[in-house]
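*Asks:* Produce the complete structure using the sequences and hints provided.
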Amino acid sequence: MVLVGIWRLLVVYPWTQRFFDSFGNLSSASAILGNPKIKAHGKKVLTSLGEAVKNLDNLKATFSKLSELHCDKLHVDPENFRLLGNVLVVVLAIHFGKEFTPEVHAAWQKLVTGVASALAHKYH
Amino acid sequence: MCMAPKPWTFLSFPETKTYFAHFDLSSGSRQVQAHGKKLADALTLAVSHLDDLPAALSSLSDLHAHKLKVDPINFKYLSHCLLVTLARHHPGNMNPEVHASLDKFLSYVSNILTSKYR
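These protein sequences, in sequence, are chains A and B.
Per the numbering used here, numbering of the first sequence is gapless, rising by one per residue and ending at 305.
Per the numbering used here, numbering of the second sequence is gapless, rising by one per residue and ending at 1460.
Hints are computed from structural coordinates only; laboratory data are not their basis.
You may find that some hints are simply not true.
Claimed, not checked - The list that follows gives simulated cross-link-like pairs (lysine-lysine, DSBU-like), each with its CA atoms no further than 30 Å apart: (1) Lys254(A) <-> Lys291(A); (2) Lys291(A) <-> Lys279(A); (3) Lys1458(B) <-> Lys254(A); (4) Lys254(A) <-> Lys225(A); (5) Lys224(A) <-> Lys241(A); (6) Lys1411(B) <-> Lys1359(B); (7) Lys218(A) <-> Lys241(A); (8) Lys1409(B) <-> Lys303(A); (9) Lys1409(B) <-> Lys220(A); (10) Lys1409(B) <-> Lys254(A); (11) Lys246(A) <-> Lys1359(B); (12) Lys241(A) <-> Lys1411(B); (13) Lys1359(B) <-> Lys291(A); (14) Lys1379(B) <-> Lys1446(B); (15) Lys1458(B) <-> Lys220(A); (16) Lys1380(B) <-> Lys254(A); (17) Lys218(A) <-> Lys1359(B); (18) Lys1411(B) <-> Lys291(A); (19) Lys1411(B) <-> Lys225(A).
To be verified - Example chain A residues on the side facing chain B (calculated, C-beta under 7 Å, incomplete): (20) Pro195; (21) Trp196; (22) Tyr304.
Every residue, glycine too, gets a C-beta built ideally from N, C-alpha and C.
*Replies:* Below, the structure written as structure tokens:
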């Protein structure tokens, strides 16, 4: 589902593709979905989110190194973390349908906001 | 005065620096000043084409959509810093009506610059 999230992010907000110039063919929605580098990146993001869920009380410390990486080496605008978080919430809503109640939405929204904030925390 | 908002934006909204990793961002940087002048010139052009902004800004709009891909939120940050700089320099003139019309102008320019994103 995280892979679907990344895919959806790159299709719905095409300017986010700016970070993936070296990833090869991103010319269409199906190209992005089949791109092996995108799949690999999706796996990395999924693993990080797993860590987030296990460390809800300590997100800033958990993402400290990743935050430095995204600022100092990758130069990713943190707005992208918020965009991805919101796209993931939409994907979850599509997946869970009626079970995605306002309370469930709020809980996930809080998680993605927390992760985005933790990833942006070390920016300077 | 358009030179000032850039360093201010970098300080208040450090995430905006991610788009200038290839620049010297130290205080007094010539690259930042030169870029500030580009912004100033573009806004001057915009002010003289208020009745025809989409056409006047068309090539800048293309540039931002197809090459620069600056996330739209950053236009809000820069516009805000421009308003703050103007307010600081012209406190007597920045009444609510002037503030509103400047904000509306900057918002309209920002919308045009991101209009071809998708």
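*Asks:* If a hint holds in the structure, say so; if it doesn't, say that too.
*Replies:* Do the hints match the structure? See the list:
Taking the CA atoms of Lys254(A) and Lys291(A), the gap is near 27 Å; set against the 30 Å cutoff, the hint holds. For the suggested pair Lys291(A) and Lys279(A), the alpha carbons sit about 19 Å apart, so the restraint of at most 30 Å is met. Distance hint between Lys1458(B) and Lys254(A) is fulfilled; the C-alpha atoms sit about 29 Å from each other, no more than 30 Å. Restraint check: the Cα-Cα separation between Lys254(A) and Lys225(A) comes to about 17 Å, which is no more than 30 Å; the hinted pair holds.
Taken as a hint, the Lys224(A) and Lys241(A) pair is honoured in the structure, with Cα atoms around 21 Å apart against an allowance of 30 Å. With a C-alpha separation of about 14 Å, the suggested pair Lys1411(B) and Lys1359(B) falls inside the 30 Å cut-off, and the hint holds. Restraint check for Lys218(A) and Lys241(A): satisfied, since their Cα atoms lie roughly 27 Å apart, inside the 30 Å limit. Using a Cα cut-off of 30 Å, the hinted pair Lys1409(B) and Lys303(A) holds, with the two alpha carbons roughly 27 Å apart.
For the proposed pair Lys1409(B) and Lys220(A), the alpha carbon gap of about 24 Å is at most 30 Å, so the pair holds. Under the criterion of a C-alpha separation no larger than 30 Å, the hint pairing Lys1409(B) with Lys254(A) is consistent with the structure, at around 20 Å. Distance check on the hinted pair: Lys246(A) and Lys1359(B) sit about 19 Å apart at the alpha-carbon level, within 30 Å; holds. With a CA separation close to 28 Å, the supplied pair Lys241(A) and Lys1411(B) stays within the 30 Å bound.
For the hint pairing Lys1359(B) with Lys291(A), the CA-to-CA distance comes to about 27 Å; that is within 30 Å, so the pair holds. Taken as a hint, the Lys1379(B) and Lys1446(B) pair is honoured in the structure, with Cα atoms around 22 Å apart against an allowance of 30 Å. Note on Lys1458(B) and Lys220(A): the hinted pairing holds, with a Cα-Cα distance of about 28 Å set against a maximum of 30 Å. Proposed proximity of Lys1380(B) and Lys254(A) is supported: the alpha carbons are some 27 Å apart, at most 30 Å.
For a cut-off of 30 Å, the pair hint linking Lys218(A) to Lys1359(B) stands: about 26 Å separates their Cα positions. The suggested pairing of Lys1411(B) with Lys291(A) holds, with an alpha-carbon distance near 28 Å, which does not exceed 30 Å. At roughly 24 Å between alpha-carbon atoms, Lys1411(B) and Lys225(A) fall within 30 Å of each other, so this suggested pair holds. Residue-level restraint check for Pro195(A) holds (minimum Cβ-Cβ distance to chain B is 5 Å; threshold 7 Å).
For Trp196(A), the interface hint holds, the least distance from its beta-carbon to any beta-carbon of chain B being 4 Å, beneath 7 Å. Interface hint status for Tyr304(A): upheld, as the beta-carbon distance to the closest one in chain B is roughly 5 Å, under 7 Å.
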